[in-house]
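Could you build the full structure based on these sequences and the hints that come with them?
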Amino acid sequence: MTGTVGRWVVIVDHTTVYYVILVIFVMALLTTYLIRRSRFGLALRSIGEYEESAAHIGINVTALKTITFAISAFFMGAAGAIMATRWTYIDPHIAFNPLFSFLPVLMAIFGGTGQPYGAVLGAAVFAYLEEILTTKFPYYYMLLFGIILIVVILFLPNGLVGLVQKWRKGGLNRQNANT
Amino acid sequence: MLKVRNVNTFYGKLGVLRNVSLKVEEKEIVALVGGNGAGKTTMLNTVFGLLSPTSGSLEFLGRRIDGMPPHEIVKLGISYVLEGGKPFLDMTVRENLEMGAYIFETWKRKEEILDQVYQTFPLLKERAGQLARTLSGGERQMLGMGRGLMSRPRLCMFDEPSYGLAPLLVKEFFNVIKTLRDQGITILLVEQNVQQTLEIADRAYVLENGQIVLEGKSREILQNDYIKKAYLGL
Amino acid sequence: MHNVDFDLNQGEVVGLIGPNGAGKTTLFNLISGSLPTTAGEIKYKGKKITGLKPHQICKQGVARTFQSAKLFAGLTVFENALAASLFGTKRAVSVADAEREATELLEFVGLSTVGAVLARDLPIANQKRLEVARALATKPELLLFDELMAGLTPTEVAQAMELITKIRDKGITIFMIEHVMKAIMSICDRIIVLHFGTKIAEGKPEEIAANKKVIEVYLGT
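Residue numbers (my numbering), protein chains in the order written: chain A, 1 to 179; chain B, 180 to 413; chain C, 414 to 634.
Please note: incorrect hints may appear among the correct ones.
Unchecked claim - Listed below are the simulated DSSO-like cross-link pairs for lysine-lysine, each with C-alpha atoms no more than 27 Å apart in a straight line:
| # | chain 1 | residue 1 | chain 2 | residue 2 |
| --- | --- | --- | --- | --- |
| 1 | C | Lys625 | B | Lys350 |
| 2 | B | Lys254 | B | Lys357 |
| 3 | C | Lys595 | B | Lys407 |
| 4 | C | Lys579 | C | Lys626 |
| 5 | C | Lys626 | B | Lys304 |
Stated by the list, open to error - Output of the computed footprint for chain B on chain C, the stretches with three or more beta carbons under 8 Å from beta carbons of chain B:
| # | segment |
| --- | --- |
| 6 | 466 to 474 |
| 7 | 532 to 545 |
| 8 | 563 to 573 |
The hints are simulated quantities; they were obtained by calculation from the structure and are not laboratory data. A quick note: this is a predicted structure, and the numbers were derived from the prediction, not measured. We put the beta carbon where it would ideally sit given N, CA and C, even for glycine.
Next comes the structure, spelled out in C-alpha cells:
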C-alpha cells in the first residue's frame, strides 16, 4: 500500500480503448432500446409524466428510480474505467470532477431528452464543438460554450431532438396565440 | 359595452369558434352556456387577448380590442377569473389579492379595495396569511374571484365559477354576482350549471361546437324544449 | 383533521360531502397514503394501512381518482390503462394479460374508440373516464372517487352515475366526494359530512338532507 490516493493506471493502446468504448456505447443503446419497450420502460415513462399518479397505480417509484440510476451508473463506471487508461493517472479529484459529472447532463439536454438519438446527437456535436473550441479559442472556449448552451436552451428547449421534430412536421401551423 | 362580431378563432388548424357574435350591455349579467369543448373558454380567451381571432372584431366601450395584449385589456377595465381560480400557489391569499390590483390606478388604493373584497368573501380574510397552495379546490376558486375583483373592473368575466363549489357556496356566489351587478359591474358568465346561471342572468347565449345556436332572454331559454332536454336533464 | 372516526362496509356506496376546505380530499390523501397521519389509524380489511406508501396501499386493493385528473398526459389512453393493469395488483401480471384487461376496461368505461389518443388531448368527460379505468385496472376492492362529476354536463353526470352503479354491481365498495347533490343523494347508501376537519353528521341521504347543521353550513336553503 502506497498510502496515497492516486494510482498509476495500466496503459492501453488507443485501438483497444476505442473498441471497448464502442462496445459500451452499443450496449448502452441496446439497453435503452430494450427498456423503452418493456414494462420497466412504461413504468419509467409513467413516473416521468406524473409521479404521484404513478405511485397510486402501484409503481414503487423509489425502487425504480434507484434501479435506473444504478443502470446508468454501470455504463458510466465502465466508460470511466476504460477512459482512465488514457489519462494514465487517476485520483479522486479527477474522478469526481464536477465538470465531468455535469457535462453528460449538458450533452443530453443539448441533444434533447425524450429520444435516445438525442443524447447520441448531443454528445457527438458537443464533443466536436469542444475539440474545435479548445483548439481555436483556448482562452475563451468556456465562455463560448456557455453562450451556445444559453442559446440552445432559449430557442430549442427540446434540444436537437426538438429541432428535428419541428423540421419533420414541416411548414408552419398558423398559431394565433399571443402567448 | 362589449361587442363581439363574427369572430372566428382557430387553434392551429382547428376552428374552435365559428362566426360567433354576441354583445354585453352595461350592468347586464350575460351568460354563455354550453357543453364541454363547446368553445366557451376559447371565447373568453379571445376577448381577453390570449388568443387572436382569425377574423371578426371585438369592441369594448367603443374601442377595438382584437389583437390587444391582455395587460392592456386589463387596463381598459376587463377582468378574467379563470376556471378554478388559478391563484399563484406560492403566494399567500393576501399577496394574490394584492396582485389583482397590480395596475397603477388600483395599486394606490389597494388596502381600501382589499377591505371591500374581504367583505364579499370573509373566508379569504380568515385565510389571508395562508399560502394559496394550502387551499382546497373550492377555496382557490374563491381566491381567483377575489383577485379578479381587485382590479375594480367594469366588465368581469367568470369561467365556470361554480365548478367544484359546495352547494351553499354556489348559492352565495350567485348572490355575490347579483351584488356586483348592483355595484355597477357588468358580468359575463361562462357556465355549465345552466339552471342556476339562467336564473340570475338577464340574457344568455348557447354555444355548441363553436357556434351560437340559441340566444335571448334567459327566461325564454329556460323554457326552450331543446335546452331542457340537453342541458337541464329534464 | 380532528378525531375523524368512521367505518365503511363492504359493498356500500358512501358519500363524503362538506364545505370547501373541510378536509375531504385530505381525508382521501390519508387513506391512499399520499399524506401521513399524525395520530389514529386506518384499517383496511382488518389490516393497518396507516404508514404504508401509496403503491403498497394500491396493491392492497384501494384505488382512487383525483379531483383534477392526474393522467399520464404524454401517454396514450391505452398506455395509461396498461400501466395500471401491469403494476396495480399484488400478483404479477403478464404483459399479454394486462393488455387484454386494459382493453376490456376501456370498453367498460366507454373509451374503446380512443385507445390511441394521447391522454392530454381528451375532453374532460373522457379524462374522467380514463381516471376511472386506471383505478379499476388495479383491481381494487375499495374505490375512492374525488369529485368525479365536477365540470360535467347533466347528460354526462347521468352517464357517470350509470358507470358508478355498474362498478357497485361488481361488488366494489365506493367512497365518493361530491358536490353534485343529485348524484350523491340518489346513489349513496350512506353519507358522511365533514366540516372544518371534523365529522358533523353521518346517515342516510334523507336524514342528511334534513339535518339542520348540514343545511346551515353546506346545502343552503
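For each hint, the structure was consulted:
A threshold of 27 Å between alpha carbons decides the hint, and for lysine 625 of chain C with lysine 350 of chain B the separation of about 17 Å falls inside it, so the pair holds. The hinted pair formed by lysine 254 of chain B and lysine 357 of chain B meets the criterion: a straight-line CA distance of about 24 Å does not exceed 27 Å. Of the pairs offered as hints, the one joining lysine 595 of chain C and lysine 407 of chain B holds, with about 16 Å between alpha carbons and a cut-off of 27 Å not exceeded. Of the supplied pair hints, the one linking lysine 579 of chain C and lysine 626 of chain C is violated, its CA atoms being roughly 33 Å apart against a limit of 27 Å.
Proximity of lysine 626 of chain C to lysine 304 of chain B is assessed by CA-CA distance (about 23 Å); at most 27 Å being required, the pair is judged to hold. Check on the segment 466 to 474 of chain C: 0 of its residues sit with their Cβ under 8 Å from a Cβ of chain B, so the three-residue criterion for coverage is violated. Against chain B, the segment 532 to 545 of chain C contributes 3 residues with a C-beta closer than 8 Å to a partner C-beta. That satisfies the three-residue criterion, and the hint holds. Check result for the segment 563 to 573 of chain C against chain B: holds, 9 residues qualifying (beta carbon to beta carbon below 8 Å, three or more required).
This entry does not satisfy hints 4 and 6, going by the numbered hints stated previously.
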